[in-house]
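J.: Take 1 as the starting number for the sequence shown in full-length UniProt numbering and just add one per residue.
Heads up, a few of these hints could be off.
Per label pair, the in silico range of CB-to-CB distance [what the hints assert, rightly or not]:
{"#": "1", "residue 1": "V223", "residue 2": "H201", "range": "31 to 37 Å"}
{"#": "2", "residue 1": "H270", "residue 2": "L239", "range": "44 to 50 Å"}
{"#": "3", "residue 1": "K234", "residue 2": "V274", "range": "56 to 62 Å"}
{"#": "4", "residue 1": "R261", "residue 2": "E222", "range": "57 to 63 Å"}
{"#": "5", "residue 1": "E227", "residue 2": "G258", "range": "44 to 50 Å"}
{"#": "6", "residue 1": "L103", "residue 2": "K190", "range": "30 to 36 Å"}
{"#": "7", "residue 1": "E248", "residue 2": "E227", "range": "28 to 34 Å"}
{"#": "8", "residue 1": "K190", "residue 2": "Q67", "range": "31 to 37 Å"}
{"#": "9", "residue 1": "L239", "residue 2": "D268", "range": "39 to 45 Å"}
{"#": "10", "residue 1": "D268", "residue 2": "K234", "range": "47 to 53 Å"}
{"#": "11", "residue 1": "Q278", "residue 2": "A256", "range": "30 to 36 Å"}
{"#": "12", "residue 1": "F200", "residue 2": "E222", "range": "31 to 37 Å"}
Within a straight-line C-alpha distance of at most 25 Å, the following computed DSS-like cross-link-like pairs (lysine-lysine) qualify [claimed, not checked]:
{"#": "13", "residue 1": "K265", "residue 2": "K253"}
{"#": "14", "residue 1": "K211", "residue 2": "K196"}
{"#": "15", "residue 1": "K186", "residue 2": "K196"}
By construction, these hints were calculated from the structure, which means they are not laboratory data.
Virtual Cβ for every residue (Gly too), placed ideally from N, Cα, C.
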Amino acid sequence: MKNKASMEAPQLPSLSAFSHFQIFKSQSMLQKQWTPFFSLSLALFVFLSHHFLSEKMLETDLEARMQILRESGFQESQGDDDTFAQRAEWFYQGRPLLLSLCLDLYNGYVTLLGRSSHQTRLKPTTSLPNQLLQDDDDCISDIDSVSEVSSEVESTLSFQQMKDPTAVSEKVDELVSQLVTASLDKEILKHELLHKDQQFHEASKTIELLKKFVMLLEMEKEVAVEENANLGYKLTSLLEENRELATEALFMKNEAVGLARCVLKMRDDHFHKVCILQNRIYSLQASRNSEPVSDKVSYGCFGLDKHKTKKKKENKTEEKKPGFKWLKKLNTINLFTKCSLNPSAAAPSCCTFDLPY
Numbered sequence: 001m002k003n004k005a006s007m008e009a010p011q012l013p014s015l016s017a018f019s020h021f022q023i024f025k026s027q028s029m030l031q032k033q034w035t036p037f038f039s040l041s042l043a044l045f046v047f048l049s050h051h052f053l054s055e056k057m058l059e060t061d062l063e064a065r066m067q068i069l070r071e072s073g074f075q076e077s078q079g080d081d082d083t084f085a086q087r088a089e090w091f092y093q094g095r096p097l098l099l100s101l102c103l104d105l106y107n108g109y110v111t112l113l114g115r116s117s118h119q120t121r122l123k124p125t126t127s128l129p130n131q132l133l134q135d136d137d138d139c140i141s142d143i144d145s146v147s148e149v150s151s152e153v154e155s156t157l158s159f160q161q162m163k164d165p166t167a168v169s170e171k172v173d174e175l176v177s178q179l180v181t182a183s184l185d186k187e188i189l190k191h192e193l194l195h196k197d198q199q200f201h202e203a204s205k206t207i208e209l210l211k212k213f214v215m216l217l218e219m220e221k222e223v224a225v226e227e228n229a230n231l232g233y234k235l236t237s238l239l240e241e242n243r244e245l246a247t248e249a250l251f252m253k254n255e256a257v258g259l260a261r262c263v264l265k266m267r268d269d270h271f272h273k274v275c276i277l278q279n280r281i282y283s284l285q286a287s288r289n290s291e292p293v294s295d296k297v298s299y300g301c302f303g304l305d306k307h308k309t310k311k312k313k314e315n316k317t318e319e320k321k322p323g324f325k326w327l328k329k330l331n332t333i334n335l336f337t338k339c340s341l342n343p344s345a346a347a348p349s350c351c352t353f354d355l356p357y
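Let's have the full structure, built from the sequences with the hints guiding it.
T.: Shown next as structure tokens:
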């Protein structure tokens, strides 16, 4: 459709204004916010250019205004993206210029229609923009992309043909304010959507980290369970060893008790042996001296009192001599160590003695 428009453009006397209008319409910001006004002004301009070629003054005025709008649109396109400051500047500077251009186009269209061959009175219809678009196939693609807001603006402008221009301008101002608020709401919703997306990504990252943390905890739990099982096995083995050691200790205790009894019995037997040998010595001495044995035995138990007195005297003499103390201790130690080192050999000797008669 644009190629067709470029081919039919040389037949129009207002080619430069129309091309400027197309360039100005290609700007991104105006295309977002003022599409209904562009479509309506384009339709009116094409209709005027096709049907009233003799209006040179209208052409020059329109070209001057379109040049101003084109320069402002070109300056805006050289800058950064659409910002709030640019929107405010457009709302307070570019909007009145565009509204005045639309009103002039509309008034010119009404006056020229009154001069035309139509004798019927102009009636308010909502199909006027569609009829204008059917006259020129170049604008079909542009009008198809017009939203519901553009159709509402066109219908309100067609109904306001016989009314005051002030009422039309007030209506247009209201619609423009609605469009600006709608665009602001859209930007706010976009910002909120981006914020929610960021929160969603952060939440997904935290969920992944928590999943990894749970996996690590499960692995640590498995390791702890294995260590607990190993410690249980070690505990059971230590308990068994403790029982074995307890049984061994009991056995050793019983053996120590038996050895102690054997030692005591050996002492008693040795003492009795000594007593018997002493009595025999006394009896032999008495028989040798032909003295009665009863006199010797009457003193104490087997004549031990005299023996004790002799021993005491000997001990006193030995205490005076320091060399005999360690010899006596060594003899007592050897007596007990022999029994403890070879209890199997010492046991029968403790229990049975071959006494000389």
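J.: Indicate, hint by hint, whether the structure satisfies it.
T.: Taking the hints in turn, this is what the structure says about them:
A beta carbon spacing of about 33 Å between V223 and H201 agrees with the range 31 to 37 Å that was offered as a hint. About 46 Å separates the C-beta atoms of H270 and L239, a value consistent with the hinted range of 44 to 50 Å. Taking 56 to 62 Å as the suggested C-beta distance range, the pair K234 and V274 conforms, at roughly 58 Å. Distance hint check for R261 and E222: the Cβ-Cβ separation is about 59 Å, which falls inside the suggested range of 57 to 63 Å.
The supplied range of 44 to 50 Å is met by E227 and G258, whose beta-carbon atoms lie about 46 Å from each other. Checked against the hint of 30 to 36 Å, the C-beta distance between L103 and K190 comes to roughly 33 Å, which is consistent with it. Distance hint check for E248 and E227: the Cβ-Cβ separation is about 31 Å, which falls inside the suggested range of 28 to 34 Å. For K190 and Q67, the Cβ-Cβ distance of about 34 Å falls inside the hinted range of 31 to 37 Å, so the restraint holds.
A hinted range of 39 to 45 Å for the beta carbons of L239 and D268 is consistent with their spacing of about 43 Å. Hint check: D268 to K234, Cβ distance near 50 Å, so the stated range 47 to 53 Å holds. In this structure the supplied range 30 to 36 Å holds for Q278 paired with A256, their Cβ-Cβ distance being about 33 Å. Evaluation of the 31 to 37 Å hint for F200 and E222 yields a pass: the beta carbon distance comes to about 33 Å.
Taken as a hint, the K265 and K253 pair is honoured in the structure, with Cα atoms around 18 Å apart against an allowance of 25 Å. Of the supplied pair hints, the one linking K211 and K196 holds, its CA atoms being roughly 22 Å apart against a limit of 25 Å. For a cut-off of 25 Å, the pair hint linking K186 to K196 stands: about 15 Å separates their Cα positions.
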